[in-house]
Structure formats: structure tokens, C-alpha cells
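Peer 1: Taking the hints into account, I'd like the entire structure generated from these sequences.
Chains A and B, in that order, give the protein sequences.
Using the UniProt record's numbering, read the first sequence as starting at 1 and increasing by one per residue.
Using the UniProt record's numbering, read the second sequence as starting at 1 and increasing by one per residue.
In short, the hints are calculated from the structure, not lab data.
Worth double-checking, as some hints may not be accurate.
Since the list can't tell identical chains apart, any single copy or any two copies may satisfy a pair.
[Unchecked claim] Simulated crosslink set (DSS-like; lysine-lysine; CA at most 27 Å straight-line): (1) K206 x K135; (2) K45 x K66; (3) K191 x K109; (4) K241 x K265; (5) K206 x K265; (6) K171 x K206; (7) K192 x K171; (8) K135 x K66; (9) K206 x K88; (10) K212 x K265; (11) K97 x K265; (12) K192 x K241.
Protein chains: 2
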Amino acid sequence: MTSLKDHSVTQNGTGSDRIVISVDAMGGDRGPAAVVAGIARSAHKNPTLDFILHGPMAELQMLVNKRSELSGRCEIRHASGIVSMEDKPSQVMRNGKDTSMWSALESVKNKEATAAVSCGNTGALMALSMIRLRKLPGVNRPAIAILWPSRNPQGFNVMLDVGADIRADAKDLLQYALMGASYARNGLDLKKPRIGLLNVGTEQNKGFPELKEAYDLIEANAERGQFEFVGFVEGGDIPGKRCDVIVTDGFTGNVALKTGEGTAKLIVDQLRESFTQSFFGRLSGLIALPALKRFQKKVDPRRVNGGVFLGLNGTVVKSHGSADETGVSAAVKLAFELANAGFSDRLAARVASADELVQSDTTENRDTKDKSNT
Amino acid sequence: MTSLKDHSVTQNGTGSDRIVISVDAMGGDRGPAAVVAGIARSAHKNPTLDFILHGPMAELQMLVNKRSELSGRCEIRHASGIVSMEDKPSQVMRNGKDTSMWSALESVKNKEATAAVSCGNTGALMALSMIRLRKLPGVNRPAIAILWPSRNPQGFNVMLDVGADIRADAKDLLQYALMGASYARNGLDLKKPRIGLLNVGTEQNKGFPELKEAYDLIEANAERGQFEFVGFVEGGDIPGKRCDVIVTDGFTGNVALKTGEGTAKLIVDQLRESFTQSFFGRLSGLIALPALKRFQKKVDPRRVNGGVFLGLNGTVVKSHGSADETGVSAAVKLAFELANAGFSDRLAARVASADELVQSDTTENRDTKDKSNT
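Peer 2: This is how it looks when you write it as C-alpha cells:
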């Protein structure tokens, strides 16, 4: 059995320079072969990276043995059960102890690994993460944050929540702003991220009362939370450059994410089709290939694969269910970068101070509004 | 002054074969020149089309005189006021009597024209349409429906509401389903449109209680409403082929629309960039030009320009504020096709019968559920 015995394991990249990522090998649409191929690619690129891989021992052992990059860097933990895409979160919470997903989270809970990666069922992964890792003190609703291609210099914007919870009140939205700012600082290396609150117009009188309340709360906390609040933003700003972090409830965020993904895929498919419709189309497609590849690489969702669960005691990266080798490797890279930045501890500290802010805000919100940084 | 005196004017294309469209020349980002260019293009393509054009007489007269296609087919109605993009709907309702927008709706109200087209302020246009044309009997909230490029054979799906109102209860969503089905029948020529209700998952237990209530109401009315109900759909189905009409509240619909638009624009811009980055990129771009043009024509938002206001006594098409000649012409074409199909009267009949359905549904909803067509 491959094991980590030769390497010391650390929590956040300080002390030893090795980072351990816990990976759920099962539950993705392409099975464990794609997952092992993905972590092998990551292992090749990042020599300081080690893995604990969870799933059926015999099957995983065979796949891992074929990859020389993983030799001595990938410990396998046997788990016979698999969470399927159809399993209800409540079922998995009750009966999922033998699953690879449960086992993968256990390694983070026990501090053997700094972050977990799974391609499995999102609802089940969030439910298990909540009961195994528990919410950070002061967090009411954890959120899923994704990176979306944008016109900003960093190439991506953060959007949250994209579906951890369908509801969010004003205080939840403030916490999303603080968690999103922390993610943007650590994941996108932005010193003072610009936060926008998603609405149907940029005027202050637009939208639901909860949104206006959230506007005031976020605005009042901008200076102390070390972010800039740009106010209300619209759907077009998600891929835009008006802000770096888009804050919204999980219902709206999920619809926006899937609409954007679906539209992008339709365009790329139609583009491919327009290059195969005729002989000249195919010829020009061949000649245009390098430019098209450059383009595809830039917008390829597999290269920005990974929703991060924020607000838990530990980092969990949800890879797309259909992720292939490239997708899995992108998710592992994201987990590695966040682990390397000590993100989990930084976020915990940020949210703890935010909790105090929210407590005091309920009374002083209106007074401090004028002094805040907008 | 150009006038329509030589042509008889009809309401819906029956009787005489001429269709009159009322056009607000002002309020768009590109000014009246783009509007006049757009209607001239439409006049050239559709010999049965006449216009009443609203705005400052002298300026419009000069623009129209330059277009021989419009000779004898475009009556100008003087209106000195302009609704700007910044004007609040409430202001326009109180003080907007002298505006070209108000005047354009008046021609539909007085049955001189079958449909109105405006590139102006959406909120003001909806507010004025509500007070001047009034809601259809039985309609609680009018909706804005748009066409979105899709993988369906007809090339487009209908989505509503995209922003007439930020709220919608279960009965409103049923009315949107009925109005959307009517629009798809008349605008996309689909005999039995497939309706989907937008949610964050396709399982019946997902989403808010209002959505589950709407699910039951729409399901129970599918057979009598002559549509097929496919159940819950996700953001990815908006450009997909699971259904033809996507029903949602105006907040979610507006965010989805703008996210999709923004993402599509980002992709097209990045594609263009990838063809100009190097000499070979530019060369291959040149060679790939015909295929790229085919592609752009297919996804060009200017060619599907026009949100239709549903649930009013009369058809109003809201063109994009930044519409150029091509965009205005597309909006006029949509208004023409709907007028030609007698859409306004058909929708009114459909909603009137729907009103009865909703009345009876409140009691018999659960009983009829099993018999409905899903």
C-alpha cells in the first residue's frame, strides 16, 4: 500500500512545506480513473503535494500503481460505499458512514489533510460537511463560492452562494460578503476586493426589502472588513469588471451559474458546428485551430473547476460531477492554493470578527453608514 | 408630412393585409437615426408594413425624408418630451404626457396601430403601458417575455418574466405559463409548447413552497391550457432543449437574462481577441471569417431583439436600449409577426379562460392533478 509515512503532514503549509489533500475517488460521472489521472497530473506539477485517496482499496490500488508520479505520495483509505448523484442528502447523513465521501471529510476533520476534494453529489457533500466539519462559530449559512470568467485583470470573479441554501437574509448576505472577500484575497490575491450585491438594477430603490437591508449592513462593514462595496450590481456584472465578488442568495446564484454555463456551452458548440458545416468551414477551422484553442483554454470551464464550501471548519472543494482529468486537476490545484495560503484559518478569524460586527451592527448600523467606505 | 391616408389600418391583419406598428423614435442610446434606419429596413423587407413614428416632428421628418422605403408608409406624430433611461417610472406616469413613449402607446390604445415598439426605459415603458393600455381582465401581474437562443429545432426558447415585477406567487406563475404558451404558439409556431418551471433542481422536493404550489397549479392546467408541463427545469435548460418556455419570477429571470447576455458577450469578445493576438491569429481569423460570421449571425443578440410585454390590452415590444438598425428592425419584425398572428386577441381569450381555470383550481387542484398531461 502506498503511504505517506515518509512525509510530515501539516495543516496550512507552515512548518513543513508539504500539503496533504484528501480526495474522494468515487461519485463522479467518469469514475475513479479520471480522479486518479487528475491527481497524478497535479502531483507531477506540484512536488510538495501529497494525497489521501478514499474508495475501494483494490480498484484504487491498481489505478494508483500505474502512476509513477503518485509513488510514495498517495495513501489509500478503503471505503466500500459510494454516494450516487441520486442519493438524498438526508439518507447519506444517516447511512453514509461507509462511503468514500464521508471518509474524505474525516481526514480533514482529523487534521490529516488540509482540504477535501470530491466530484460527488453536491447536496450530500454539503450536508455531510455540515455535520462532520461543522459550521464556523458565527456562521448561520455556509455558502458555495465559484470562480467565473470575467473582464477583470485577474480573469475571474467570485460568486456566492451558488446553491448551498436557497434562502439568505440580510445578515447571511453580509457573511457571504465577508467570506467572499476573504476567498478573493486568498484565492485571487486581491488586497481589497470590490464586493457587489446582486439585484435587478443598480439604483438604491430596486429589489426586495431584505436586499436594501443587506446593502446597508454590507456598506457599514466595508472599511472594517477591508473590502470596497460597489453597491448593487446586475447579472451582466458577474462576468464583468465592476466588482470582484458577487454576493447573492443560493437560489439566484445557482440559476445564474447554470444559465451562464449552459449559454457558454451552447455558443462553443455552435462555433464548432460552424467550422464543420462545409469543406471551407472545415478548412478554415483547421487553420484557425491555434487561435480557437487559445480561446477555448481561456473559457474552458474545466480549468476553473471547483466550488469552494465557505463557512466550515476546513476547506472543501466540490469538483464538477463530469470533471475529467483536467477538471479534477484544476479542483486539486484550487484546494492546494487555498491550503497553501492558510485560507481556512484566515477565514475563521475573519468570520469571528464579522460575528462581532454583525452583533454591533444591529444597533449602530444607521449611525456608521455615512462613515463607511463605499 | 408623411401620412397613412392611402392605406386602411387594421387591428390584426385580418380584413386588410396592412399592419401598422407604432414606434417610439426616442429614448434609445443611439437616438432616432438608428430607429428610422431600422424601420426603413423593415419597410423594405415587409411591403405590408406601415408605421406611426413618435418624436420631435422636424428632426424625424428630416430622417424619414431620406428613406425612400418609408415614403407614404410612415406617419409622424409630434411629441416634444423624451423619457430618459434615468427617469423614474413614477415621474413619467405623472408628467410624461408630452413624451414620445406616451404617444406611441396612445396609438395602440386608440387602435390606430396593432403593436408598439420602444427602445426606451423599460420600467417607464411598463408603468405607462399598465396605466394606458391596462391589464387584461384576470391578469394580476403582466410579464416581460424574451426569446433566448436554444438547442431546440425552433432555435429559441421563451423565458418570462424577465423583469416586469420582482415578485410572483403561484397563481402569477400559472398565468406566466399560459401567456408563455400562447406566445410560443404564436411567435414560434409551436402547437403544444413544453413549459418548464425554473428551480435549482429537477426533483419535486426542491425549492420554495410557492414553487411547489405553482408546480401543482401548472400541472393541473396543462391539458386544458394546451401545453405540456415538463416540471422543474434548471438554469442550463434556458438555452437547452428540455422545454420551449421557461417560467420564473421577474427577479430570477432578469438575473438569468443578464448573466447569459454578459457571458455570451465576454466569450465573443475573447474569441475576437484570440484572432487578433498574433499575425497568424489575424491570418487565420481572416480565413475563418465566413464560418465566424455564420456563427455570429446565429448568436447575435441584435437578431433576437425584443422583450414582449404580456398581459396587457395590446402588444408592446421593448427593444434593447442600445439597439442599432439591425436591432430595431428585429424588434419591428417581432411586433409585425405577433400583429399578423392576431396575438393580442388570442392571448386575451387564453387568459380569460385561464382566469376561470385558476378560480376553479383553488378547489379542484388536488383532484385533477393525476388526470393532467405531464
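Peer 1: Would you mind marking each hint as holding or not holding in the structure?
Peer 2: Hint check results:
For a Cα distance limit of 27 Å, the shortest separation of K206 from K135 across copies, 23 Å, qualifies, whereas the shortest one inside one copy, 32 Å, does not. Taking the shortest alpha-carbon separations for K45 and K66, only the intra-copy value of 17 Å comes in at or below 27 Å, while the best inter-copy value is 65 Å. Proximity of K191 and K109 under a CA criterion of 27 Å is satisfied in neither setting, with 30 Å inside one chain copy and 56 Å between copies. Both within a single protomer and between protomers do K241 and K265 lie at most 27 Å apart by alpha-carbon distance, with minima of 22 Å and 13 Å respectively.
Proximity of K206 and K265 under a CA criterion of 27 Å is satisfied inter-copy only: 25 Å between copies versus 31 Å inside one chain copy. Taking CA atoms no more than 27 Å apart as the test, K171 paired with K206 passes in both settings, with 19 Å inside one copy and 24 Å between copies. Taking CA atoms no more than 27 Å apart as the test, K192 paired with K171 passes inside one copy only; the shortest distance there is 21 Å, against 45 Å between copies. Proximity of K135 to K66 under the C-alpha cut-off of 27 Å is found in neither arrangement, the shortest distances being 38 Å within a copy and 69 Å between copies.
With identical chains, the CA atoms of K206 and K88 are at most 27 Å apart between copies only, with a shortest distance of 11 Å across copies and 37 Å within one. In this homomeric assembly, K212 and K265 never come within 27 Å of each other (Cα to Cα): the closest approach is 34 Å inside a single copy and 29 Å across copies. Within a single copy, K97 and K265 get their C-alpha atoms no closer than 37 Å, and across copies no closer than 46 Å, so neither meets the 27 Å cut-off. In the homo-oligomer, the alpha carbons of K192 and K241 lie at most 27 Å apart inside one protomer (14 Å), although the nearest pairing across protomers, at 42 Å, exceeds that limit.
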